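*Asks:* Starting from the known structure of chain S, fit chain B onto it as the hints suggest.
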Amino acid sequence: GENVEQHPSTLSVQEGDSAVIKCTYSDSASNYFPWYKQELGKGPQLIIDIRSNVGEKKDQRIAVTLNKTAKHFSLHITETQPEDSAVYFCAASNLRGQGAQKLVFGQGTRLTINP
Amino acid sequence: DTEVTQTPKHLVMGMTNKKSLKCEQHMGHRAMYWYKQKAKKPPELMFVYSYEKLSINESVPSRFSPECPNSSLLNLHLHALQPEDSALYLCASSQDPATDTQYFGPGTRLTVL
Numbered sequence: 001g002e003n004v005e006q007h008p009s010t011l012s013v014q015e016g017d018s019a020v021i022k023c024t025y026s027d028s029a030s031n032y033f034p035w036y037k038q039e040l041g042k043g044p045q046l047i048i049d050i051r052s053n054v055g056e057k058k059d060q061r062i063a064v065t066l067n068k069t070a071k072h073f074s075l076h077i078t079e080t081q082p083e084d085s086a087v088y089f090c091a092a093s094n095l096r097g098q099g100a101q102k103l104v105f106g107q108g109t110r111l112t113i114n115p
Numbered sequence: 001d002t003e004v005t006q007t008p009k010h011l012v013m014g015m016t017n018k019k020s021l022k023c024e025q026h027m028g029h030r031a032m033y034w035y036k037q038k039a040k041k042p043p044e045l046m047f048v049y050s051y052e053k054l055s056i057n058e059s060v061p062s063r064f065s066p067e068c069p070n071s072s073l074l075n076l077h078l079h080a081l082q083p084e085d086s087a088l089y090l091c092a093s094s095q096d097p098a099t100d101t102q103y104f105g106p107g108t109r110l111t112v113l
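Protein chains in written order, with the numbering used here: chain S, 1 to 115; chain B, 1 to 113.
Hint data in this document are derived by calculation from the structure and do not stem from the laboratory. None of the values given here were measured: they were computed from a predicted structure. Beta carbons: idealized from backbone N, C-alpha and C, even for Gly. Please note that a few of the clues may not be correct.
Far from chain B, some chain S residues (derived; all Cβ distances over 10 Å) [unchecked claim]:
#1 LEU11
#2 GLY16
#3 ALA29
#4 SER30
#5 ASP59
#6 ARG61
#7 THR65
#8 ASN67
#9 LYS68
#10 ALA70
#11 THR80
#12 PRO82
Cβ pair distances, simulated, as ranges [what the hints assert, rightly or not]:
#13 S:LEU46 <-> B:THR111: 24 to 32 Å
#14 S:GLN60 <-> B:LYS53: 32 to 40 Å
#15 B:ARG63 <-> S:GLY16: 47 to 55 Å
#16 S:GLU83 <-> B:LYS9: 21 to 29 Å
#17 S:GLN14 <-> B:SER20: 45 to 53 Å
#18 B:TYR51 <-> S:LEU46: 17 to 25 Å
#19 B:LEU73 <-> S:ALA70: 38 to 46 Å
#20 S:THR10 <-> B:HIS79: 35 to 43 Å
Just chain S, with the same shape it has in the complex (with noise of 0.2 Å):
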């Protein structure tokens, strides 16, 4: 079955810096990357996704890359600011078009922002 790594575990970046997060997936068959922001005492909140026919995705800050050679995608967050704060989930999904899908997630990372 899928597996999804994702690093840093913990990451801390003085405000208005840059953060990336990374995650790698073994089966080649995924075809969907969401990431999710969870702050605490809250459900996960999607930020942004991607699927596999598309190598870049941005929405304002936030941005997303997938290489499929190398089954690696990336969350990249610029100009980061304190309410960005909060634990970062990958994951991944095989979107057949039939049969319910599966999520897998990343370990997630505790990302902390320094003001």
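*Replies:* Frame of chain S; chain B shown alone:
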């Protein structure tokens, strides 16, 4: 609107109690999910309902019993739980079970005494 609501927010129960968790979405999504999340860990899939039918059960113990009364509601019935079942229980939904993004609710924090 991508809102999934869950009640109650917190629940404390004894090992002999029977309780239920509720999840609701009004986005017309046809798939609903239950996840369990322990502290400092990622969510773990428990059950998936697709078009109101149970399509995935991740070998969850029978003391957890899911129910999908209609396309907007998802329940998780709890009976004879163990202290190790204490966790955050998350509900999620997606428009299409096979191809779409999952949106999560805020979760129910369950404590089993």
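*Asks:* Determine for every hint whether it applies to the structure shown.
*Replies:* Structure-based check of each hint:
no., hint, result
1, LEU11, "15 Å, holds"
2, GLY16, "28 Å, holds"
3, ALA29, "14 Å, holds"
4, SER30, "14 Å, holds"
5, ASP59, "14 Å, holds"
6, ARG61, "20 Å, holds"
7, THR65, "19 Å, holds"
8, ASN67, "22 Å, holds"
9, LYS68, "18 Å, holds"
10, ALA70, "22 Å, holds"
11, THR80, "22 Å, holds"
12, PRO82, "21 Å, holds"
13, S:LEU46 <-> B:THR111: 24 to 32 Å, "28 Å, holds"
14, S:GLN60 <-> B:LYS53: 32 to 40 Å, "39 Å, holds"
15, B:ARG63 <-> S:GLY16: 47 to 55 Å, "49 Å, holds"
16, S:GLU83 <-> B:LYS9: 21 to 29 Å, "22 Å, holds"
17, S:GLN14 <-> B:SER20: 45 to 53 Å, "46 Å, holds"
18, B:TYR51 <-> S:LEU46: 17 to 25 Å, "22 Å, holds"
19, B:LEU73 <-> S:ALA70: 38 to 46 Å, "42 Å, holds"
20, S:THR10 <-> B:HIS79: 35 to 43 Å, "38 Å, holds"
No hint from the list above goes unmet by this structure.
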